[in-house]
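*Asks:* Now for the letters of each chain:
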Amino acid sequence: MPADLRLLDDEQRALIQMVREFADEVAAPAAAGYEERSEDPAALYEQLAQLDLTGIAYPEDYNGLGLPYETYLMVVEEIARAYLGFAVGLSVHTLCAFAVNSFGSEELKRDVLARLCSGEWFGAYSLSEPGSGSDAVALAAKASGSDGGYRLSGSKVFCTRGNEADAVLVMARTGAAGAKGISAFIVEKGTQGFGGSKKEDKMGWRSSPTWMLQLDDAFVPGSRRVGAEGEGFRIALASLDSGRLGIAACSTGLAQAALDEALRFTAEREQFGKPVNQNQGLQFMLADMATQIAAGRALYRHAARLRDAGESYSIEAAQAKLFCSDTAMRVTTDAVQLHGGYGYITEYPVERFMREAKALQIVEGTNQIQRLVIGRKLIQS
Amino acid sequence: MNIAVCVKHIPDPNVPPQMDGKYLKREGIQGVLDPGDEFGVEAGLLLKEAHGGEVTLVSMGPAAAQEAIRRGLSMGADKGVLVTDDTLKGADALVTARVLAAAIKKAGQFDLVVAGVESTDGYTGTMPGSLAELLDLPQVTFAKTIEVTDGTVKVNRQTAEGYHVVECSLPALLTVTAGVNEPRYASFKGIMAAKKKPVETWSVADLGLAGEDVAIKQDVAGQTPAEERKAGEVITDDGSAAKRIADFLQEAKVI
Chain A
1 MPADLRLLDD
11 EQRALIQMVR
21 EFADEVAAPA
31 AAGYEERSED
41 PAALYEQLAQ
51 LDLTGIAYPE
61 DYNGLGLPYE
71 TYLMVVEEIA
81 RAYLGFAVGL
91 SVHTLCAFAV
101 NSFGSEELKR
111 DVLARLCSGE
121 WFGAYSLSEP
131 GSGSDAVALA
141 AKASGSDGGY
151 RLSGSKVFCT
161 RGNEADAVLV
171 MARTGAAGAK
181 GISAFIVEKG
191 TQGFGGSKKE
201 DKMGWRSSPT
211 WMLQLDDAFV
221 PGSRRVGAEG
231 EGFRIALASL
241 DSGRLGIAAC
251 STGLAQAALD
261 EALRFTAERE
271 QFGKPVNQNQ
281 GLQFMLADMA
291 TQIAAGRALY
301 RHAARLRDAG
311 ESYSIEAAQA
321 KLFCSDTAMR
331 VTTDAVQLHG
341 GYGYITEYPV
351 ERFMREAKAL
361 QIVEGTNQIQ
371 RLVIGRKLIQ
381 S
Chain B
1 MNIAVCVKHI
11 PDPNVPPQMD
21 GKYLKREGIQ
31 GVLDPGDEFG
41 VEAGLLLKEA
51 HGGEVTLVSM
61 GPAAAQEAIR
71 RGLSMGADKG
81 VLVTDDTLKG
91 ADALVTARVL
101 AAAIKKAGQF
111 DLVVAGVEST
121 DGYTGTMPGS
131 LAELLDLPQV
141 TFAKTIEVTD
151 GTVKVNRQTA
161 EGYHVVECSL
171 PALLTVTAGV
181 NEPRYASFKG
191 IMAAKKKPVE
201 TWSVADLGLA
211 GEDVAIKQDV
221 AGQTPAEERK
231 AGEVITDDGS
241 AAKRIADFLQ
251 EAKVI
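From first to last, the protein sequence lines are chains A and B. In terms of our numbering, the first sequence has 261 at position 261, counting the first letter as 1, and numbering is strictly consecutive. In terms of our numbering, the second sequence has 201 at position 201, counting the first letter as 1, and numbering is strictly consecutive.
For the record, the hints were derived by calculation from the structure and aren't laboratory data. Every residue gets a Cβ at the ideal spot worked out from N, C-alpha and C, and that includes glycine. Please note that the accuracy of each hint is not assured.
Unchecked claim - Quick list of in silico lysine-lysine cross-link-like pairs, DSS-like style, CA-CA up to 30 Å:
no., chain 1, residue 1, chain 2, residue 2
1, A, K109, A, K202
2, A, K274, B, K230
3, A, K142, A, K180
4, B, K230, B, K105
5, B, K230, B, K25
6, B, K217, B, K106
7, B, K217, A, K189
8, B, K195, B, K89
9, B, K230, A, K109
Unchecked claim - Anything over 10 Å on all C-beta distances counts as not near chain A; from chain B, calculated:
no., residue
10, I191
11, M192
12, I235
13, D237
14, F248
Stated by the list, open to error - Per label pair, the in silico range of CB-to-CB distance:
no., chain 1, residue 1, chain 2, residue 2, range
15, B, D237, A, E36, 27 to 35 Å
16, B, M19, A, E21, 24 to 32 Å
17, A, M203, B, A64, 42 to 50 Å
18, A, G341, B, Q218, 54 to 62 Å
19, A, A43, B, L46, 15 to 23 Å
20, A, G341, B, D86, 53 to 61 Å
21, B, E67, A, R234, 44 to 52 Å
22, A, S381, B, E67, 45 to 53 Å
23, B, D219, A, A43, 47 to 55 Å
24, B, T87, A, E311, 20 to 28 Å
25, B, A50, A, E39, 28 to 36 Å
26, B, G108, A, G310, 46 to 54 Å
27, B, T224, A, E60, 53 to 61 Å
28, B, E200, A, S381, 55 to 63 Å
Next comes chain A alone, as it looks inside the complex:
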C-alpha cells in the first residue's frame, strides 16, 4: 500500500513508477542479504546512477534532472520502503551535492557537482567528531592554509559511507573557536592522509557503512573549499535542513514497509479460527499506524514544497524529521507487536525495521535537537 500517486503530475508519476519497479524488483529482494552480510550495496548505487537517480533535484547543467526537491523525496521514500540502508546512502549523497550546488563556485560545480549528479561520484557528509556531536560548533578538526590549499588534520566520526564515497564534505576549523571559524571542504577519496580508520559495528543499518575518518595532514586544493572561509558552519546547518527532509522521507518509507508487512501478516495469521486482523483491537493499531504515516508524509511534502518555492522551511524540516522518525519508531514497534513471537525472529523483516528505525531518531540532529531548533525558531518569530 505505497504512497498514492494520483495527485502527481505525469513526469512525477512516470519517475515514481519507475523507481517503484526498481525498488520492488531489485532493491527489496537484496536488502536482507546485504544487511546480514554488513555489505555496502555498491552494485545498487551503480544502478541508481544508470537510472538517472543521483542528481534528481539539481540543475540539468550539472547532469541533474532539475526536478523539485519534493519529487526527489518521494523517490527516497519509495527506495526506503524497499531498502532503508540504501535510501540513507542516497540521502547522504544528496546532502553532499546540496552543499556544492548551494554554496560552491561555478568551477567547483563543474568539477564536483557534475560528477555527483551523473553518479560518477558518490558523496558523503562529515561534521561529527568524537567530542562534538549535537554541539557541532565545538568541532576541532583543523584546516591550515598551505601552498595552493589547505592541510586538514583531525578525527571525524559517524560518517555514512565515508570510506566508500568519492567525495566527502568535511567541516574543519580554519579560524578561531566558534561558528565563524569553520570552513567546508570537498575531500576526494584516495587523498593522501585521509581515509576510514574504523568501521562501526551497529544495531541496524549494517549495510550502510559508518566510519571514523582520520585526517592526517591531508591536502585539499583551495578550489575544493565550498563557499567562503568561515562559512562552513552555515553550510553544514543549511545542508542539515535539507538532509532532514531526506531522513523524514526515509522514515516514512520504512514505516510504510512495516505497516505493509503487518497488514500481510495479520491477514494470514489465524487464531481462534479467524485471521487476527478481524479483531478490532488490532484494526485500531493498524489504523493508528496508517494515520501517523499519512500525517508524516503530508508534513515532509509540505516542507519540501516550501523549500521548492524558495521559502524558509527550517521549522517544517525539523518538524518533519522529528515526527516522521518518531512515527517510524512507533510503527515498527507496533509491527513487531502485531507479528507476536514471529516479529521477534529474524525470519520476518519487522525486527530489522524496528532496529533500523532507532537510528532515524538520532541522525541529522537527534530528535531532541529538532525540538530545540523548532523551539528557538518559534520564540524568535
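Chain A is already provided as a structure; the job is to place chain B on it using the hints.
*Replies:* The following block gives chain B in isolation, referenced to the frame of chain A:
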C-alpha cells in the same frame, strides 16, 4: 544495422488471469510489455550499440498496446509501429503474423527481425515461424547468444542437451529465449525521451490487407483452468515416517 523487434502488450502476468468467454480478458486489465519481449528489445539494443542503426518496435493490439511500445522506447528503441484495428480482435497467430509481416515491410528495410520465442499470454509459439515464412527470411530460433559479423549472424541455439551453433546470412529472423541477456531498466531520461519518439498507428487498410488476409480461421474450442495443486500428504510419525518419505522421494525419482 536496422532491427525490427516484435513486441506484445499482454495482461500483467503477475495478476491472476480473467477470462472473457473463451478468450483472455484484456480490456480494463493492467497491461505490460510481455516480459519475454523485453529480452528481444534488449537484444536489439545491444546490437544497435555494437553496430549502429535503429531499433523499430512493431506491435499489433488495441490502442492500449502503445504502452508496451513506449516501454520499449524508454529502454532505448528509436521508433514504434502499432497496428490497431477492430477487425483484428481475437486474431489468431497466422493473422497476427500476416499483419506484422505487412507492417514490417511497410516500416522499412531491416537486417534483422527479432521476436520472443513465444508470448507469455497465448503461448502458441507459432507466430515467429509464420512471420519468417511470410517475410521470406531464414529463421534461427531459441537464440541464447547472438553475434553479428559481416552480414552474418551466429547464434547459440538452445537445445535440451546444450547448444547448436547456427550461422546464417542477414537479413534473418531470430527468436530469443528468456535469459539471453539482462533487459535494462528504463532510465528517467529514457522515459522522458520516449514520450517524444515517433509511434505510427496503422489500420489493416493502411497495410493494404483485406478480407481473407485477416480472416480469423482458428477457433478456440474451449479452455479449462489448470488443476489446482492438491494438498500434500501428511505423514504422522509412527516410527515409519523416515522410510515413507524416502520411498516417496524415490518414487518421484528425486533420490
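*Asks:* Are the hints correct? Go through all of them and say.
*Replies:* Status of each hint after checking the structure:
no.	hint	in the structure
1	A:K109 <-> A:K202	violated (34 Å)
2	A:K274 <-> B:K230	holds (23 Å)
3	A:K142 <-> A:K180	holds (14 Å)
4	B:K230 <-> B:K105	violated (50 Å)
5	B:K230 <-> B:K25	holds (27 Å)
6	B:K217 <-> B:K106	holds (25 Å)
7	B:K217 <-> A:K189	violated (68 Å)
8	B:K195 <-> B:K89	holds (27 Å)
9	B:K230 <-> A:K109	violated (63 Å)
10	I191	violated (5 Å)
11	M192	violated (7 Å)
12	I235	holds (23 Å)
13	D237	holds (24 Å)
14	F248	holds (27 Å)
15	B:D237 <-> A:E36: 27 to 35 Å	holds (33 Å)
16	B:M19 <-> A:E21: 24 to 32 Å	holds (27 Å)
17	A:M203 <-> B:A64: 42 to 50 Å	holds (48 Å)
18	A:G341 <-> B:Q218: 54 to 62 Å	holds (56 Å)
19	A:A43 <-> B:L46: 15 to 23 Å	holds (20 Å)
20	A:G341 <-> B:D86: 53 to 61 Å	holds (58 Å)
21	B:E67 <-> A:R234: 44 to 52 Å	holds (48 Å)
22	A:S381 <-> B:E67: 45 to 53 Å	holds (50 Å)
23	B:D219 <-> A:A43: 47 to 55 Å	holds (50 Å)
24	B:T87 <-> A:E311: 20 to 28 Å	violated (58 Å)
25	B:A50 <-> A:E39: 28 to 36 Å	holds (33 Å)
26	B:G108 <-> A:G310: 46 to 54 Å	holds (50 Å)
27	B:T224 <-> A:E60: 53 to 61 Å	holds (55 Å)
28	B:E200 <-> A:S381: 55 to 63 Å	holds (60 Å)
Comparing the model with each earlier hint shows violations of hints 1, 4, 7, 9, 10, 11, 24; every other hint is respected.
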